[in-house]
Amino acid sequence: MPTNQMCAAPFWLGCSRSEESMKRRSNSPDVARRNFLKGASVAGAAALAAPTAANAIPAPPQPKLKATLPGPLQIAADTQPPNKDPATQTTSGGDFMVDVLKTLEIDYLAMNCASSFRGLHEAIINGKNNKLEILTCPHEEIAVAMAHGYAKIEGKPMAMICHGVVGLQHATMAMYNAWCDRVPIYVMGGNIVEANKRMAGAEWVHSAIDIGALTRDFTKWDDQPTSLQHFAESAVRAYKIAMTPPMGPVLLSLDAELQENPIQEAEALRIPKLAKVAPPQGDSGMIAEAAKLLAGAENPVIICDRLARTPAGLARLVELAETLQCAVIDNAGRMNFPARHPLNMSFRRGPVLSQADVILALEMNDLWGVLNQFSDRIVRSYRQVYKKDAKVVTLGSRDLYLKANYQDFARFQEVDLAIAGDGEASLPALTEAVKRLIDEGRKSAYDARGKKLAAARLAMIEQAKSDATLGWDATPITTARMCAEVYAQIKDEDWSLVGNAIRNVWPLRLWDIKKSYQWNGSSGGAGVGYNAPASVGAALANKRHGRLTVAFGGDGDLMFVPGTLWTAAHHRIPLLYVVHNNRAYHQEVMYLTAMAARHGRGVENAHIGTTLTDPNIDYATVARGFGVYGEGPIDRGSVQSR
1 MPTNQMCAAP
11 FWLGCSRSEE
21 SMKRRSNSPD
31 VARRNFLKGA
41 SVAGAAALAA
51 PTAANAIPAP
61 PQPKLKATLP
71 GPLQIAADTQ
81 PPNKDPATQT
91 TSGGDFMVDV
101 LKTLEIDYLA
111 MNCASSFRGL
121 HEAIINGKNN
131 KLEILTCPHE
141 EIAVAMAHGY
151 AKIEGKPMAM
161 ICHGVVGLQH
171 ATMAMYNAWC
181 DRVPIYVMGG
191 NIVEANKRMA
201 GAEWVHSAID
211 IGALTRDFTK
221 WDDQPTSLQH
231 FAESAVRAYK
241 IAMTPPMGPV
251 LLSLDAELQE
261 NPIQEAEALR
271 IPKLAKVAPP
281 QGDSGMIAEA
291 AKLLAGAENP
301 VIICDRLART
311 PAGLARLVEL
321 AETLQCAVID
331 NAGRMNFPAR
341 HPLNMSFRRG
351 PVLSQADVIL
361 ALEMNDLWGV
371 LNQFSDRIVR
381 SYRQVYKKDA
391 KVVTLGSRDL
401 YLKANYQDFA
411 RFQEVDLAIA
421 GDGEASLPAL
431 TEAVKRLIDE
441 GRKSAYDARG
451 KKLAAARLAM
461 IEQAKSDATL
471 GWDATPITTA
481 RMCAEVYAQI
491 KDEDWSLVGN
501 AIRNVWPLRL
511 WDIKKSYQWN
521 GSSGGAGVGY
531 NAPASVGAAL
541 ANKRHGRLTV
551 AFGGDGDLMF
561 VPGTLWTAAH
571 HRIPLLYVVH
581 NNRAYHQEVM
591 YLTAMAARHG
601 RGVENAHIGT
611 TLTDPNIDYA
621 TVARGFGVYG
631 EGPIDRGSVQ
641 SR
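Using this note's numbering, read the sequence shown as starting at 1 and increasing by one per residue.
I should point out that these hints are in silico values taken from the structure, not numbers from a laboratory. Be aware that one or more of the hints could be misleading.
[Claimed, not checked] The calculated lysine to any residue pairs, modelled on SDA-like cross-linking and capped at a C-alpha distance of 25 angstroms, are:
| hint | residue 1 | residue 2 |
| --- | --- | --- |
| 1 | Lys-515 | Trp-566 |
| 2 | Lys-403 | Ala-213 |
| 3 | Lys-387 | Arg-457 |
| 4 | Lys-156 | Pro-311 |
| 5 | Lys-102 | Ile-134 |
| 6 | Lys-128 | Pro-272 |
| 7 | Lys-240 | Arg-340 |
| 8 | Lys-131 | Pro-574 |
| 9 | Lys-156 | Pro-246 |
| 10 | Lys-515 | Gln-325 |
| 11 | Lys-451 | Pro-272 |
| 12 | Lys-543 | Lys-452 |
| 13 | Lys-491 | Val-505 |
| 14 | Lys-451 | Val-318 |
| 15 | Lys-515 | Thr-244 |
| 16 | Lys-391 | Ser-466 |
| 17 | Lys-388 | Gly-296 |
| 18 | Lys-452 | Ala-295 |
| 19 | Lys-276 | Ile-241 |
| 20 | Lys-465 | Thr-475 |
| 21 | Lys-443 | Arg-340 |
| 22 | Lys-276 | Ala-420 |
| 23 | Lys-128 | His-570 |
| 24 | Lys-403 | Gln-281 |
| 25 | Lys-273 | Val-100 |
[Said to hold, decoys possible] The following label-pair restraints were derived from C-beta to C-beta distances:
| hint | residue 1 | residue 2 | range |
| --- | --- | --- | --- |
| 26 | Gln-229 | Ile-438 | 52 to 58 angstroms |
| 27 | Ala-464 | Val-639 | 18 to 24 angstroms |
| 28 | Gln-640 | Glu-289 | 51 to 57 angstroms |
| 29 | Pro-476 | Asp-416 | 53 to 59 angstroms |
| 30 | Asn-130 | Lys-273 | 17 to 23 angstroms |
| 31 | Ile-438 | Arg-411 | 54 to 60 angstroms |
| 32 | Asp-492 | Ala-268 | 54 to 60 angstroms |
Beta carbons: idealized from backbone N, C-alpha and C, even for Gly.
Could you put together the complete structure from these sequences and hints?
If you want it as structure tokens, here you go:
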């Protein structure tokens, strides 16, 4: 490159600060001295090149040159102001996208930063955003699982955004959990749609024609907007779809060019109004038929799973159960029914179902699994646990939206009456229909039935307390003692249990769980790596209410997503997280032991590939490394003092 071109750029950039500063510099003594020296050097060079008068050879006369006048293009080039730097702009599509997102009931955007959504990211942090708070997550699975736990406490979605096909693939397991759990998650993914706009290298391998194809089997809806107006309409549509029962995750693919380029015809853009959608209710005639069956039953039983979307769902189920004075079996997919309520027969389901003549199943995910007992032996078998002549009624939104490939809909269960509609929204009509059928004779029978169930419930509580003492002083600490000791410390606080280790039934057996936020269900898809980030997301929702958030989590689960601890520390999210450290994926240890015994090969090698030892993981030190207070491992001698 010629020397004058190398010097030109820094000189121009330096002068671009302001015209006034350039004038000041040109009038300074130092600049004047440099101009003088430059003029002197030019004059000296001219003098050296000129021949002396004595030796000069007369030159032939030259014709006079006629100056040409500048044309219109030259005049324009000399007189018009320079073009603006094309690297700057005053608006971007990302600014409009932020305006759209602000109209939705979304407070947080979880992300692992990436170039495919840098336009939206920059617009959020530097634009006029005064609502969306960014949550920094070391992994996309953490971001989605946080949104999962948050939504079940707060009752509305959190948004997350991921990077093209690679970020979305990291997010898929957590999205599948949310799909199975029927939880609204608002997912966005950056993408570079047009091939001629992709930079060589990573932008090609990180892009797709249709990133939604990755997750379409387990999202409720997805779209790839091609214009800003298209984005505005799809963004509002996605929120409505996610929040309409049966709820579920949605996905919007955001083209990078659409985010980054200047807004064209801004005055033509408009943001649709977000209207609330009434949940679908069950058919009134079928509701009346179900009420007749329940009111006339000798031993009606209610089974529920993901019924209570809001605190109202809990209150409505209590009202129906108390109206009928009937047994309730809670599968605990949500906080549906108080754990210590006299009608709660969740841990006495065998005897209750065997006597039931009418069974009402509310928002069940796997009704067949409750009504049948399955044996996982050499020849897998099952048996029905309810009476053959019992009438089975279902009420739920599950049948309103199903897909084919992933088998999350469970085995088909024959029923006598299937009512399609949101369970929580349909309960008031069902309860009123039952009340209209109750006369004095029935009321007396209901009261007698309720007293028997209450006595059975008291016996269940005493049995749970007795069972919890087994191995009380054992080492390692039993899960029963772990849960009992934690509850003793928090029971007088406004607490919220938002995470639970696999197969840990003790909180439901021992704790007085009665408020809608005191139990947050499970993962839905049983995907490892859910518990820690979902607990942090739920803790974020609890934070503004001043609640003490508690969670139990397995050690193997935490090892999938340890970076969750950093996110909790970084965003100052308060949470008491108790690691159930059995140094193994212990369910698999038991399965492998059963397999070895089945083949008569001994169980000595069942630890291979299933345990987390050699070295043992020091989770307290791991936590401290992420900025979280950590203690342990805790033994029986120090459990109370800790």
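Next item on the list: Quick one: which hint numbers does this structure break? Sort them smallest to largest.
Entry: 1, 7, 11, 12, 16, 29, 31
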